[in-house]
Each structure stands twice: as structure tokens, then as C-alpha cells.
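J.: Here's the letter readout for the chains.
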Amino acid sequence: MATCTYTVPDKSASGDNFYGAVICNQAYVDYFWNTYGFSGNKAYWDDGWGWDDACNTSKPLARAFNGCYALTYSAQDYQNDSYSSAILNWGRRYVRENIDDLRCFCGDGTAIARSKGSGLIEVYLGFFYTKDVPGRAETLIHESRHQGGKPHDANFPTGSTFGGGKSGADSSWNYEGAWMYGALYLWWYYAAGARTTSALRERARQRGNVVIDNAFATHPGFSI
Amino acid sequence: MIGIAVTRKGKLLRGKSPDTPLLGDADTLETKVVEHPFSFRGSEDNELNALIIEAVNRMGGTGADAEDNYRRALDELGKRAAEAFEVIVAEYEALPEDRYLDRWSLVHLLAELRQPEAAGALNRIITSRIPAEKARGSHDASTVAEEVIIRTTAVEGVVRLSADGVEEARKILLRHASNRTFSIRRASVQGLLETGEDTDKRELRALLKERGEQSLLRIKRVDVREVPQATGGRFVTHPEVKREAPSPDLGREAR
Numbered sequence: 001m002a003t004c005t006y007t008v009p010d011k012s013a014s015g016d017n018f019y020g021a022v023i024c025n026q027a028y029v030d031y032f033w034n035t036y037g038f039s040g041n042k043a044y045w046d047d048g049w050g051w052d053d054a055c056n057t058s059k060p061l062a063r064a065f066n067g068c069y070a071l072t073y074s075a076q077d078y079q080n081d082s083y084s085s086a087i088l089n090w091g092r093r094y095v096r097e098n099i100d101d102l103r104c105f106c107g108d109g110t111a112i113a114r115s116k117g118s119g120l121i122e123v124y125l126g127f128f129y130t131k132d133v134p135g136r137a138e139t140l141i142h143e144s145r146h147q148g149g150k151p152h153d154a155n156f157p158t159g160s161t162f163g164g165g166k167s168g169a170d171s172s173w174n175y176e177g178a179w180m181y182g183a184l185y186l187w188w189y190y191a192a193g194a195r196t197t198s199a200l201r202e203r204a205r206q207r208g209n210v211v212i213d214n215a216f217a218t219h220p221g222f223s224i
Numbered sequence: 001m002i003g004i005a006v007t008r009k010g011k012l013l014r015g016k017s018p019d020t021p022l023l024g025d026a027d028t029l030e031t032k033v034v035e036h037p038f039s040f041r042g043s044e045d046n047e048l049n050a051l052i053i054e055a056v057n058r059m060g061g062t063g064a065d066a067e068d069n070y071r072r073a074l075d076e077l078g079k080r081a082a083e084a085f086e087v088i089v090a091e092y093e094a095l096p097e098d099r100y101l102d103r104w105s106l107v108h109l110l111a112e113l114r115q116p117e118a119a120g121a122l123n124r125i126i127t128s129r130i131p132a133e134k135a136r137g138s139h140d141a142s143t144v145a146e147e148v149i150i151r152t153t154a155v156e157g158v159v160r161l162s163a164d165g166v167e168e169a170r171k172i173l174l175r176h177a178s179n180r181t182f183s184i185r186r187a188s189v190q191g192l193l194e195t196g197e198d199t200d201k202r203e204l205r206a207l208l209k210e211r212g213e214q215s216l217l218r219i220k221r222v223d224v225r226e227v228p229q230a231t232g233g234r235f236v237t238h239p240e241v242k243r244e245a246p247s248p249d250l251g252r253e254a255r
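Going down the list, the protein sequences come from chains A and B.
Residues 1 to 224 in the numbering used here are what the first sequence lists, from first letter to last.
Residues 1 to 255 in the numbering used here are what the second sequence lists, from first letter to last.
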């Protein structure tokens with residue numbers, strides 16, 4: 001067992017302040033808890049993680065729910081989650097089909113999340129407090145892609161911000177790996193995200209471009 | 001206040017035991033809440049400070065009126081943009097290194113305010129040394145990437161000034177076309193091509209030719225609809241696809 005601490009600003013650009021007011025509704029709490037892998041994992045979300053305080057956005061559970069809200073409702077036509085539509089629509093479907101268990105841990109600061117196989121995803125402090133709300137949705141999609149059977153298959157290119165020569169990159173955009181899924185989600189969020197601000201959409205653009213520039217062994221040749 | 005009664009009354013979607021108590025202990029978290037991340041040590045103008053806090057806070061809005069509320073907050077701050085710019089820069093410099101999102105929000109605010117006087121400060125942010133990676137063992141987290149996102153956002157601020165006709169901004173973009181960080185180079189090249197004058201573009205092409213980096217000119221900003229899409233449904237279906245309840249309707253007012 002580990003004990004960790006974190007200082008949380010109430011008013012910041014993360015989006016939690018506003019998303020939090022929306023998710024404080026039993027219908028959403030029920031839906032997110034049962035759909036995105038929280039159910040069955042109460043023991044992990046207790047002890048300061050928010051299980052008994054689901055509307056408190058200084059706590060991780062509400063911040064995870066905020067990410068789930070962005071994942072579920074950022075497409076204008078959110079009720080269409082057909083795989084023939086954009087990833088902004090079906091990202092939520094992909095996550096719910098691939099994550100069985102979502103568990104939280106302090107972590108050691110070296111990862112945002114990890115895919116552990118058999119439908120289990122672990123998320124760490126950075127997921128709740130470094131990532132903004134749509135960034136958490138991106139992380140769930142990235143890790144779901146690993147659960148869906150796509151490991152990283154290349155080393156990061158020379159000069160990559162993720163560490164040139166290190167394993168963990170995708171070989172190309174067309175490999176359709178976790179980095180492509182995450183970047184494509186951010187791109188669609190930037191281009192067509194609904195119920196959000198131009199600031200969070202611009203942040204999605206900047207993050208998406210850094211992924212495109214640095215996480216593929218062969219640069220895709222385009223940017224957001 | 002609601003609890004998570006759902007764990008008792010909610011409908012479980014899979015055939016597993018709900019929330020079985022662990023035999024061991026899970027991790028414990030203690031959180032401390034502060035009102036906002038800033039110190040405003042150099043600004044005693046509480047009204048101005050409040051406008052900055054409000055604009056940053058509204059960046060993260062959600063709902064049908066989120067953008068309107070953000071724009072309103074920006075407009076109010078914009079009325080005092082000349083004073084605000086120095087306070088924002090001072091706050092950026094005062095924030096701890098690891099407050100990446102908070103630092104980003106201030107840089108984005110500088111970009112939004114489009115103050116020509118901010119060109120030098122944005123250049124300092126782009127030029128500042130990127131600290132060594134702190135998440136070395138990770139495949140997904142990178143403190144260097146967070147730093148680069150802050151700097152490419154500063155480049156975006158310079159691009160906006162260049163579009164407004166600020167000559168210094170064009171010079172900054174040309175300078176960073178040879179920055180050591182690829183994403184900063186790429187963003188600077190694209191920005192100068194989009195907003196620079198013909199002479200700037202000629203200088204840029206000559207520079208890239210000299211450096212053997214003409215491939216940067218071929219990286220185009222495109223619409224997301226023009227790039228290969230993820231093939232949803234391929235390799236995606238878990239062997240035991242869950243039955244699922246439909247997501248709750250947002251209701252008319254939230255759309």
C-alpha cells in the first residue's frame with residue numbers, strides 16, 4: 001500500500017471545475033460507474049480517491065468521471081457511436097468494449113496509465129492532475145487500443161520528446177496503434193469537439209501535434 | 001451531494017462479483033485544495049488578478065455556453081491587456097516547473113491577448129531550456145513533451161502576432177525554424193509560411209535548404225477529414241463484448 005498527497009487548484013484550466021458540476025448527477029454516475037470499468041473496483045476508488053465523494057472534483061473519481069463525460073458527450077451527435085462515424089463518436093464505445101476494470105494507484109510518477117491485459121487498466125496521479133479533461137479521454141482511448149490487441153511496435157525517432165531510440169513508439173500512422181488513436185481523437189476534438197471551449201480545443205491541437213511529431217518512427221507527413 | 005449508491009442499486013453489466021473487498025490494502029490519497037494555482041506576489045491589483053483567474057478558469061468550461069463564457073472573460077481581461085501581460089508573464093515565471101497545465105494556461109492566455117509587447121516574452125519561453133526528462137521509464141508520460149507543448153503554444157502566440165503584422169514576430173519564427181526541438185521547428189515553419197511576407201518565406205526556404213531540412217516544408221496542416229481514419233471495429237471487439245445501457249440523454253438545455 002502506498003500513500004500519496006496532491007495539492008489541487010480549484011480554479012484552473014483543467015476543466016474539472018465545470019465538468020464537475022455536470023457529472024454530479026446520479027444518472028451519469030450510474031452510467032460511468034457501470035460502463036467504463038469502475039464497477040467491481042470500489043476498493044481501489046476508496047480511501048481518498050473519491051468513492052464516497054463522487055462530486056468532489058479535487059478527488060480522482062470525479063476527475064475520472066469528468067474524462068468519461070468528455071469521452072461520452074464531446075461529439076455533437078453523441079448518440080451515434082457507430083464505428084463508421086468519427087473516433088470522436090465511437091471512442092467511448094471502443095473504451096467500454098475494451099476496459100473491464102479501471103483501477104487507480106499513486107504510481108511512481110513515471111506513467112499516466114498502464115494497460116495490464118485482460119481488460120485491466122491502471123491510472124496514476126498524473127492521469128487526474130496533469131491531464132486536462134479531454135486529455136483523460138485520450139488516455140483511456142490510448143490504453144484501450146492496447147487492450148484491443150495493438151502493442152507499440154517501434155522505437156521513438158531520433159530527437160523525439162518521448163526519448164529517441166527508446167521503445168514505445170508506433171511504426172507509422174497506418175499501423176493504427178495507440179498513438180494514432182489518441183492523436184486522431186485529439187484532432188477530432190480540436191476540429192469538432194462540442195460543449196467545450198476553443199482553449200481546450202487548442203490544447204488538444206498542441207498535444208496532438210506533439211504526438212504526431214514524436215511518437216511515430218516515420219512521421220505521417222501532416223499536422224493538425 | 002450524491003454518493004455512489006449505484007454500486008448497490010446499479011445494474012451490473014458483467015457477470016462478476018461487485019466490489020469485493022480486497023484482502024490487502026489499496027493506495028491512499030490525501031488531497032489539499034487551494035483556490036487557484038497562482039501567487040500574484042508581484043501584483044496587488046486584486047481586480048486584475050481576479051480577471052486573470054476567471055479567464056484561465058473559463059478555459060476549461062463545458063456546456064452549450066462554455067465558449068461564450070470564456071470569450072466574455074477574455075473580453076473583460078482584454079480591456080486591461082497591457083497591464084495584464086506583465087502580470088501573466090510574472091506568474092508564469094513564478095509557477096513551479098511541474099505545474100505544466102497551469103503554465104500552459106498562462107501561455108495560451110498571452111497568445112489570446114495578442115499584445116505586440118508580448119513577443120519578447122513568448123520568445124523567451126520558446127528559447128528557455130527544456131529540463132531533462134523526469135518520467136524516464138514511461139511509454140506515455142513525458143515531462144519533455146509537456147514542456148514542448150508549452151513552447152509550441154508560445155509559437156502559436158507568435159504566429160498570431162505575425163498575422164497581426166508584428167515584424168518582431170516574423171523574425172522570431174524565422175529564428176526558431178532552426179530550433180533544436182523538432183516540434184518547435186515544425187510549428188515555426190508552418191506559422192511563417194502562413195503569416196510571413198514573401199521576403200520571410202524566401203529567407204526561410206534558404207535557411208531550410210542550407211540545413212538540409214526542406215522536408216519540413218512538406219508537412220502540411222490539413223483537415224482531420226483528409227487523413228486516414230482509424231478503422232473502428234477492426235481488432236477492436238473484446239471476446240466478451242459487454243451489453244450496455246444507453247448513455248443518459250443530455251437534455252435540451254445542455255446541447
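Simulated from the structure, these hints should not be mistaken for lab results.
Warning: the hint list may mix true and false statements.
Unchecked claim - Pairs of lysine to any residue residues, derived as SDA-like cross-links and limited to a Cα-Cα distance of at most 25 angstroms, are as follows:
{"hint": "1", "chain 1": "A", "residue 1": "Lys150", "chain 2": "B", "residue 2": "Arg99"}
{"hint": "2", "chain 1": "B", "residue 1": "Lys209", "chain 2": "A", "residue 2": "Lys166"}
{"hint": "3", "chain 1": "B", "residue 1": "Lys32", "chain 2": "A", "residue 2": "Thr7"}
{"hint": "4", "chain 1": "A", "residue 1": "Lys166", "chain 2": "B", "residue 2": "Asp75"}
{"hint": "5", "chain 1": "A", "residue 1": "Lys42", "chain 2": "A", "residue 2": "Thr5"}
{"hint": "6", "chain 1": "A", "residue 1": "Lys166", "chain 2": "B", "residue 2": "Ala81"}
{"hint": "7", "chain 1": "A", "residue 1": "Lys150", "chain 2": "A", "residue 2": "Ser84"}
{"hint": "8", "chain 1": "B", "residue 1": "Lys220", "chain 2": "A", "residue 2": "Thr5"}
{"hint": "9", "chain 1": "A", "residue 1": "Lys42", "chain 2": "B", "residue 2": "Gly24"}
{"hint": "10", "chain 1": "A", "residue 1": "Lys150", "chain 2": "B", "residue 2": "Arg136"}
{"hint": "11", "chain 1": "A", "residue 1": "Lys166", "chain 2": "B", "residue 2": "Val33"}
{"hint": "12", "chain 1": "A", "residue 1": "Lys42", "chain 2": "B", "residue 2": "Val33"}
{"hint": "13", "chain 1": "B", "residue 1": "Lys32", "chain 2": "A", "residue 2": "Ala21"}
{"hint": "14", "chain 1": "A", "residue 1": "Lys11", "chain 2": "B", "residue 2": "Arg99"}
{"hint": "15", "chain 1": "B", "residue 1": "Lys220", "chain 2": "A", "residue 2": "Ala111"}
{"hint": "16", "chain 1": "A", "residue 1": "Lys116", "chain 2": "A", "residue 2": "Ser167"}
{"hint": "17", "chain 1": "A", "residue 1": "Lys11", "chain 2": "B", "residue 2": "Asp75"}
{"hint": "18", "chain 1": "A", "residue 1": "Lys11", "chain 2": "B", "residue 2": "Gln229"}
{"hint": "19", "chain 1": "A", "residue 1": "Lys166", "chain 2": "B", "residue 2": "Asp98"}
{"hint": "20", "chain 1": "B", "residue 1": "Lys32", "chain 2": "B", "residue 2": "Asp75"}
{"hint": "21", "chain 1": "B", "residue 1": "Lys209", "chain 2": "A", "residue 2": "Thr5"}
{"hint": "22", "chain 1": "A", "residue 1": "Lys150", "chain 2": "B", "residue 2": "Asp98"}
{"hint": "23", "chain 1": "B", "residue 1": "Lys220", "chain 2": "A", "residue 2": "Lys11"}
{"hint": "24", "chain 1": "B", "residue 1": "Lys201", "chain 2": "A", "residue 2": "Pro220"}
{"hint": "25", "chain 1": "B", "residue 1": "Lys79", "chain 2": "A", "residue 2": "Glu202"}
{"hint": "26", "chain 1": "B", "residue 1": "Lys32", "chain 2": "A", "residue 2": "Glu202"}
J.: Evaluate each hint against the coordinates.
T.: For each hint, the structure was consulted:
{"no.": "1", "hint": "Lys150(A) - Arg99(B)", "verdict": "violated, 32 angstroms"}
{"no.": "2", "hint": "Lys209(B) - Lys166(A)", "verdict": "violated, 29 angstroms"}
{"no.": "3", "hint": "Lys32(B) - Thr7(A)", "verdict": "holds, 5 angstroms"}
{"no.": "4", "hint": "Lys166(A) - Asp75(B)", "verdict": "violated, 45 angstroms"}
{"no.": "5", "hint": "Lys42(A) - Thr5(A)", "verdict": "holds, 20 angstroms"}
{"no.": "6", "hint": "Lys166(A) - Ala81(B)", "verdict": "violated, 44 angstroms"}
{"no.": "7", "hint": "Lys150(A) - Ser84(A)", "verdict": "holds, 20 angstroms"}
{"no.": "8", "hint": "Lys220(B) - Thr5(A)", "verdict": "violated, 43 angstroms"}
{"no.": "9", "hint": "Lys42(A) - Gly24(B)", "verdict": "holds, 14 angstroms"}
{"no.": "10", "hint": "Lys150(A) - Arg136(B)", "verdict": "holds, 22 angstroms"}
{"no.": "11", "hint": "Lys166(A) - Val33(B)", "verdict": "violated, 37 angstroms"}
{"no.": "12", "hint": "Lys42(A) - Val33(B)", "verdict": "holds, 23 angstroms"}
{"no.": "13", "hint": "Lys32(B) - Ala21(A)", "verdict": "holds, 19 angstroms"}
{"no.": "14", "hint": "Lys11(A) - Arg99(B)", "verdict": "holds, 14 angstroms"}
{"no.": "15", "hint": "Lys220(B) - Ala111(A)", "verdict": "violated, 31 angstroms"}
{"no.": "16", "hint": "Lys116(A) - Ser167(A)", "verdict": "holds, 17 angstroms"}
{"no.": "17", "hint": "Lys11(A) - Asp75(B)", "verdict": "holds, 19 angstroms"}
{"no.": "18", "hint": "Lys11(A) - Gln229(B)", "verdict": "violated, 36 angstroms"}
{"no.": "19", "hint": "Lys166(A) - Asp98(B)", "verdict": "holds, 23 angstroms"}
{"no.": "20", "hint": "Lys32(B) - Asp75(B)", "verdict": "violated, 32 angstroms"}
{"no.": "21", "hint": "Lys209(B) - Thr5(A)", "verdict": "violated, 51 angstroms"}
{"no.": "22", "hint": "Lys150(A) - Asp98(B)", "verdict": "violated, 31 angstroms"}
{"no.": "23", "hint": "Lys220(B) - Lys11(A)", "verdict": "violated, 36 angstroms"}
{"no.": "24", "hint": "Lys201(B) - Pro220(A)", "verdict": "holds, 24 angstroms"}
{"no.": "25", "hint": "Lys79(B) - Glu202(A)", "verdict": "holds, 23 angstroms"}
{"no.": "26", "hint": "Lys32(B) - Glu202(A)", "verdict": "violated, 29 angstroms"}
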